[in-house]
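Chains as they are written, first to last, in the working numbering: chain C, 428 to 832; chain U, 36 to 240.
If you are wondering where the hints come from, they were derived from the structure by calculation, not from laboratory data. Among these hints, one or two may not hold up.
[Unchecked claim] Non-contacting residues of chain C with respect to chain U, defined by C-beta distances greater than 10 Å in every case (computed):
id: 1; residue: Met-428
id: 2; residue: Asp-524
id: 3; residue: Leu-564
id: 4; residue: Val-571
id: 5; residue: Tyr-593
id: 6; residue: Thr-671
id: 7; residue: Leu-705
id: 8; residue: Val-737
id: 9; residue: Trp-743
id: 10; residue: Thr-777
id: 11; residue: Leu-825
[As the list claims (entries may be wrong)] With a cut-off of at most 30 Å between alpha-carbon atoms, the simulated DSSO-like pairs for lysine-lysine come out as follows:
id: 12; chain 1: U; residue 1: Lys-102; chain 2: C; residue 2: Lys-821
id: 13; chain 1: U; residue 1: Lys-110; chain 2: C; residue 2: Lys-822
id: 14; chain 1: U; residue 1: Lys-63; chain 2: U; residue 2: Lys-102
id: 15; chain 1: U; residue 1: Lys-184; chain 2: C; residue 2: Lys-821
id: 16; chain 1: U; residue 1: Lys-145; chain 2: C; residue 2: Lys-822
id: 17; chain 1: U; residue 1: Lys-184; chain 2: U; residue 2: Lys-145
id: 18; chain 1: U; residue 1: Lys-165; chain 2: C; residue 2: Lys-822
id: 19; chain 1: C; residue 1: Lys-435; chain 2: U; residue 2: Lys-63
id: 20; chain 1: C; residue 1: Lys-435; chain 2: U; residue 2: Lys-38
In this text, a Cβ means the ideal position worked out from N, Cα and C, and glycines have one as well.
Residues per chain are reported as follows:
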Amino acid sequence: MSLSLARKKAWNEKGWSAAIIVIMVAGLSVWLVLPSIGQSLQSGFSSYADEVGTYVVVNFNGYAFAQNRTLSQGTISAIRSIAGVQKVYPIVAFETDFLYPNLVMNESGFTVRGMTEEVESAVIGGPSGFPTSLVALTSGHAPVGAEPGFVINAAGVSDPTNGKAYTVGQITNMSIARVNFTATVVGINTFNPLVNIPVLWNATFLQSELGQSLFAQTASGDANLLIVQVATVGQVEAVASQVTNVLTSYPDFSVTYDQATVTDLLSVESSTTPIYNLIGVVSLVSSVVAVLLISYIAVRRRNWETGLLVSQGWTWSQVANFLWSYFIILAGVAYVLSILLSLAVAPYATFSYQVYGSTLHINTSIGLFAYASAALIAIAVTIAVSQIMKWRLKKAGLDAILRDY
Amino acid sequence: MIKLEGAWKSYGSVSIVEGMELTVEEGKPLCILGRSGCGKSTLLKLLALMDRLDRGTLSIDGSDVSKMNDAEVDKLRRDKIAYTFQEPLLIPYVTALENVTMVTGVSGEKAAEVLGKLGLADRLNYRPQKLSGGERKRVDVARAVLRAKPIMVADEPLSNLDPKTSSIVMGMLNSHAERGGMLVYSAVEPAEAESAAQVVKMERK
């Protein structure tokens, strides 16, 4: 009886039902979206901090390859065993020359014809190459097969003939170990500027250009550069300090990390966590209050209806069931609509931050927890409303509530 | 048997029922006769356990209602009393038939049969807004009759009814008494009290 009467009420009083549903949708959507934005921002920042801010780089002061300075396997193993070190990437960095034979520059009364720009480079992948997982392309693609191409860190080197950054598809004259050839920029890479390797080569192409022997001599062997990945941004300073201790016999190598960035990221994490928690609490309170308020107003609208039912033999529990059935029907509809609304809104809740010369995009994703908790809130609130109304009406007395008619 | 002794009821400073005494016996309809505003509805609500006395005692089948807690009163009302309102209260978003079936839990067939006897066969699927005052009254009466409780309390059941329908409604209420039930109803016109076994006249204060 309770359910069928509640269904009729919900269906035949469409205006009221719609108004209540709209407010319930608003309340539940606030709960679904706001904390999700907070959590997405928090996890986005946190993962970014742990991905980007967690690198310690061991590099020779100057060009290591020019002096054949390398790090021993024992030293690398010692660094690997430091607590907090997640991974160590040993890299063989070598010189790549950009050749500009036709460049004419007039400087201080002198005319310079032709120019060579030396940059640090490495191959992509392999045991001594730049780790593939750390290649972060902003455009283009990683070289495939024997493609005569390289990935360039556009912020690290620019074309002096026009003063502009290199672009995908640009062909340039180059030289490695005195072997000249032309190659094409196939991808633009943006990565932690601590790792100053502007050019990343296609190993297969380079082997064919240099020949097996010269390639092995140039791009493989003992590492002269290390990228040390630390588990969390909070451990970076301690790890850098211990790596420095390990490298006491290598005074010409230095340990670097982005102190400012690490400090900033730690500060952002610690200062924003209470805000995200506050967003969660505010969302919960506002959604519950909205739902409770509208439910209370809606039931007050027609007290005599419940009085009529009691006068005709219904128990107060049956009345509470009737009220709960009515609200749970509306809450069910509101729940589905709020899911659809939140799914529609979430793609627009995208946040962009300028970091390391690139843009960090953080998308809002609504997790299962949010959906499950919204359902629980809807159920709990409808139970609370029906019980409160039952208690209030019962306390007022049958004659009093029938006088509302 | 319903027994009211030394009953007093007032709302604020207005005294409605003053030292009222009455007895309702099975099979002997009692009519409360009086003009509008004399307190008939208040008295009927007291008898139907929808309100409490300020002073005095009310006993139903020997149980003193004045000494019962709210839950016990609720149960007694639920188990023993059917009530019709002076202004018929019908749920606006369901039909005449559903106002009977959904509220009382009786079957549609049974409800339709009683509503048919009350001349509402062609109004079963009408919502209350589309029914006249007299038709709404009959739906309310049908609801009370179908609840089949030992005590029937009807507040001006014949108001807004034409003579023919009045006779049908009164016949239905009297048959409740004839089957051994207790019937208390109120009326404005003395003619409406003709079939009552006893009449209590109330005067406006």
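Right, here's what the structure says about each hint:
{"no.": "1", "hint": "Met-428", "in the structure": "violated, 6 Å"}
{"no.": "2", "hint": "Asp-524", "in the structure": "holds, 85 Å"}
{"no.": "3", "hint": "Leu-564", "in the structure": "holds, 62 Å"}
{"no.": "4", "hint": "Val-571", "in the structure": "holds, 68 Å"}
{"no.": "5", "hint": "Tyr-593", "in the structure": "holds, 72 Å"}
{"no.": "6", "hint": "Thr-671", "in the structure": "holds, 79 Å"}
{"no.": "7", "hint": "Leu-705", "in the structure": "holds, 42 Å"}
{"no.": "8", "hint": "Val-737", "in the structure": "violated, 8 Å"}
{"no.": "9", "hint": "Trp-743", "in the structure": "violated, 7 Å"}
{"no.": "10", "hint": "Thr-777", "in the structure": "holds, 44 Å"}
{"no.": "11", "hint": "Leu-825", "in the structure": "violated, 5 Å"}
{"no.": "12", "hint": "Lys-102/U with Lys-821/C", "in the structure": "holds, 19 Å"}
{"no.": "13", "hint": "Lys-110/U with Lys-822/C", "in the structure": "holds, 16 Å"}
{"no.": "14", "hint": "Lys-63/U with Lys-102/U", "in the structure": "holds, 26 Å"}
{"no.": "15", "hint": "Lys-184/U with Lys-821/C", "in the structure": "holds, 23 Å"}
{"no.": "16", "hint": "Lys-145/U with Lys-822/C", "in the structure": "violated, 35 Å"}
{"no.": "17", "hint": "Lys-184/U with Lys-145/U", "in the structure": "holds, 16 Å"}
{"no.": "18", "hint": "Lys-165/U with Lys-822/C", "in the structure": "violated, 34 Å"}
{"no.": "19", "hint": "Lys-435/C with Lys-63/U", "in the structure": "violated, 40 Å"}
{"no.": "20", "hint": "Lys-435/C with Lys-38/U", "in the structure": "violated, 41 Å"}
In this structure, the earlier hints numbered 1, 8, 9, 11, 16, 18, 19 and 20 are contradicted, and the remaining ones agree with it.
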